[in-house]
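Undergrad: Take a look at the letters that make up each chain.
Number of protein chains: 4
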Amino acid sequence: MANSQFDYVKSFESMDSCLPNCWIVVRIDGNNFHKFSSKHNFKKPNDDRALGLMTRAARSVMELFNDVVLSYGQSDEYSFVFKKGTKTYNRRSSKLSSVVVSQFTSSYVYHWKEYFPDLQLGYPPAFDSRTVLYPSDKNLRDYLSWRQADCHINNMYNYCFWNLVQSGSTKHEAQERLKGTLSSDKNEILFSQFGINYNNLPQLHRKGTVIVRDKVTYASRNALRKVRWLNGPPLCRSKAQSMLLALNIDIIGKQFWEGNPHILAA
Amino acid sequence: MANSQFDYVKSFESMDSCLPNCWIVVRIDGNNFHKFSSKHNFKKPNDDRALGLMTRAARSVMELFNDVVLSYGQSDEYSFVFKKGTKTYNRRSSKLSSVVVSQFTSSYVYHWKEYFPDLQLGYPPAFDSRTVLYPSDKNLRDYLSWRQADCHINNMYNYCFWNLVQSGSTKHEAQERLKGTLSSDKNEILFSQFGINYNNLPQLHRKGTVIVRDKVTYASRNALRKVRWLNGPPLCRSKAQSMLLALNIDIIGKQFWEGNPHILAA
Amino acid sequence: MANSQFDYVKSFESMDSCLPNCWIVVRIDGNNFHKFSSKHNFKKPNDDRALGLMTRAARSVMELFNDVVLSYGQSDEYSFVFKKGTKTYNRRSSKLSSVVVSQFTSSYVYHWKEYFPDLQLGYPPAFDSRTVLYPSDKNLRDYLSWRQADCHINNMYNYCFWNLVQSGSTKHEAQERLKGTLSSDKNEILFSQFGINYNNLPQLHRKGTVIVRDKVTYASRNALRKVRWLNGPPLCRSKAQSMLLALNIDIIGKQFWEGNPHILAA
Amino acid sequence: MANSQFDYVKSFESMDSCLPNCWIVVRIDGNNFHKFSSKHNFKKPNDDRALGLMTRAARSVMELFNDVVLSYGQSDEYSFVFKKGTKTYNRRSSKLSSVVVSQFTSSYVYHWKEYFPDLQLGYPPAFDSRTVLYPSDKNLRDYLSWRQADCHINNMYNYCFWNLVQSGSTKHEAQERLKGTLSSDKNEILFSQFGINYNNLPQLHRKGTVIVRDKVTYASRNALRKVRWLNGPPLCRSKAQSMLLALNIDIIGKQFWEGNPHILAA
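Protein chains in written order, with our numbering: chain A, 2 to 267; chain B, 2 to 267; chain C, 2 to 267; chain D, 2 to 267.
Hints may be right or wrong, so weigh each one.
The list treats identical chains as interchangeable, and a pair is accepted whether it falls inside one copy or across any two copies.
To be verified - Below, computed lysine-lysine pairings styled on PhoX-like, alpha-carbon distance capped at 20 angstroms:
1) Lys255 x Lys44
2) Lys139 x Lys84
3) Lys45 x Lys187
4) Lys36 x Lys84
5) Lys114 x Lys96
Simulated from the structure, these hints should not be mistaken for lab results.
Turn these sequences into a full structure, and let the hints guide you.
TA: Structure below.
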């Protein structure tokens, strides 16, 4: 039963190395999470336990891959940014994408009980993942802005939708009410009908979560952080002596990037 | 904060649809399982609990994807065969590959305690995955033969290696002892030195595990099964009224395929 | 001026080997041939000199690549079928596709004067090319049927269109007249208005041209050919002692393939 | 003979759009030009007629594609640089690559007699082509430097080799003589043995040919050219009112790029 007559099949595997000198982004996304969140009674429009668990799983990915310089998450998705020059797995797209999503999922199930101590995980959830390349720093920043703007748009819609539903509308009525409304209209609905000032809602919900590595010393970092970042306690101390910081801040504007030039210099 | 100025970045995602009319195989593989198995004291050369958990996770994948017509696993790897004409996720390679590995991993962690009731999972494990296309039935059968021959070769080596180690050799000595030995040499070592007749070892170890769907009615299937398959109890009854059967049998020879023509006809 | 500091850029080239065990089809197509044919006053609906030149260029490709087992052409396109197991250029898609289209174009310009002795080539024409894989023999035959059915459909339309135009209609009127007509309607227009029996039109126009290699000896081949193929003189004697035959026959039905089993057996 | 039962085969064609925001380079290369140049008695080490014809063919490509901002050629190869943002053919790799090589080849055969008035083209030559992406300006410049350094290295070797051969050495002896020699050794051989000062050899041979579009007005351009470019007459006036200039100058250093900032700004 020598293997030699069969191993020609190995030649059917294809090479899928990512183009060099591009940012590699792996984005994971909940598979059928509409059903999953409803089965587990996630709070609407946002369940802080679920968001916390997502960030816990993302941290696990960043601990596995030192070359992930930043990750950004919202709702049931997370994006992981590998530095341009990463040699991890020889830049093989499917290998990067699969280990990221597997590590993320694994950690999500593993840590479930810490975030939902009173609720048994009903069944094993799944995520998908994909690899996308961005050649320039501007493309990468625009990608992240795209995801954070998406967070904002969805969050505003969801706050309106669920407040309408929780105050007696059917889901269909709420949908109809919001059809074609602008951002300003939704602000007005939230304020006049529910007394909610959108800008006072938690940054976690409005901005999502960005995780970065902090390379400065512990002391000076804490000092700096008070200035630059108002929320977000240190997440963990990784082996590489760097800290992972989870922050709920704006990454569309210049301020974040100018304050952290080491990220794009990676 | 309209999204329109950023969403051009979506065009950087690439299409990766699999060539039509090919068997799509997604193979998952333990990532750094050398460390994982040693950390959790897996029995050597085979830990039946770990193998059972792998097959439990594979079943979860087959329950999610009705178009997986067969899966084959050994050691810390499993291959999932999607039928040639599957339209699942429009045959997008990264989507298929990522959801399979995510579902597998999720189920592996979720069901851990059923297979290791006395041992806490130490940390969340990860798997990688890849998609490979096989144009012809012969290519597909040769692929599966390649994996099962690999199972046999590794298993025979591992039985020798670990028996040598457990009887006092260092790992280095065991390695040196086996260098360059043929299959017949290893058979002889096992028999003369450890009283082991290789052919009497469990089929689970020598053949790995193939999971198929049984489409016949329950009654007739049980009857048929006695004839065709001597081991392997029905694994579960899936929604599609079909049963998943986990079998430890030879899939290199003709017998399996002639007895189950519906698999390649999928 | 050592090259070593720059040659890292070679790593940006990607591998594009075709999946093994698939038919590789390279199809070339005239680039902007509407302008080219009008600039050179090609006869409408078909210019036999131009069709002859296309086939001359195709022959040149088949003489370069012994692994092309069949080619099929009509109008300003030609398809070249490489045998499933070809190792030419390690099955690199862009290499195969580019050398085929380059050789074709080169030969088209080189032999122009033999087919248009009284007409100077006005400017150098270009073709595009693409590589497509077909896993099964049925897929390949369906591909060729697709092209030959396309030949038939376009040819019937063009015969109607140009006869209408040549008998006084404007192009716009001819277009309008044919809008929505069925095959039977077009047959009727040709017959009642122009006295043309479509089935009596040259096979070259209705069927296009298929080029095959004849492997039998010269004598017996000639005998066989009288039986099997009524038209199409031997095209050339290639180095490999095989003959290239250009035929204007049906390749959609079974007859051609049953009479030439060696083609799919390649 | 409706086409509908066959046209599913169109779905087997794959999408191959180039990643946005990358420089697209299409490089063509003579296929088996060792034989071609020897069959046509090309002068060694360089045949200025053949080099002129290559550049004539390259010009034809740049006239077809306004988005080619620069091309660089040496020996039997030419590279065409499409601007980063080009939308030509929706950035489809095989379409770009195939039309470039086809247009190049076509023009090469078409213009042969202008460059070899006394020598009939013996047979139709072919070129291959490939598409390579470069994300950053630096990568692109390094690519072009790689090709120009290659020109220099080969040219110096070839001058030595052919002078040795033409002065009585066999090819094998010449090869042996040059094995392991450094650049300085070859300079010395040329000078002491053949009285050739390498730096006085034609720039056409030492630097290859770069073709650019000149966007300034005709008058001022001529003035500027005297300063910046000492050789290379205007090649042609293209439709876009811009001129194509063929220059034999260094493109590795900064000077060329600083003097022509519009190229990388394309």
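Undergrad: Failing hints, ascending?
TA: The structure conflicts with hints 1, 4, 5, although it agrees with all the remaining ones.
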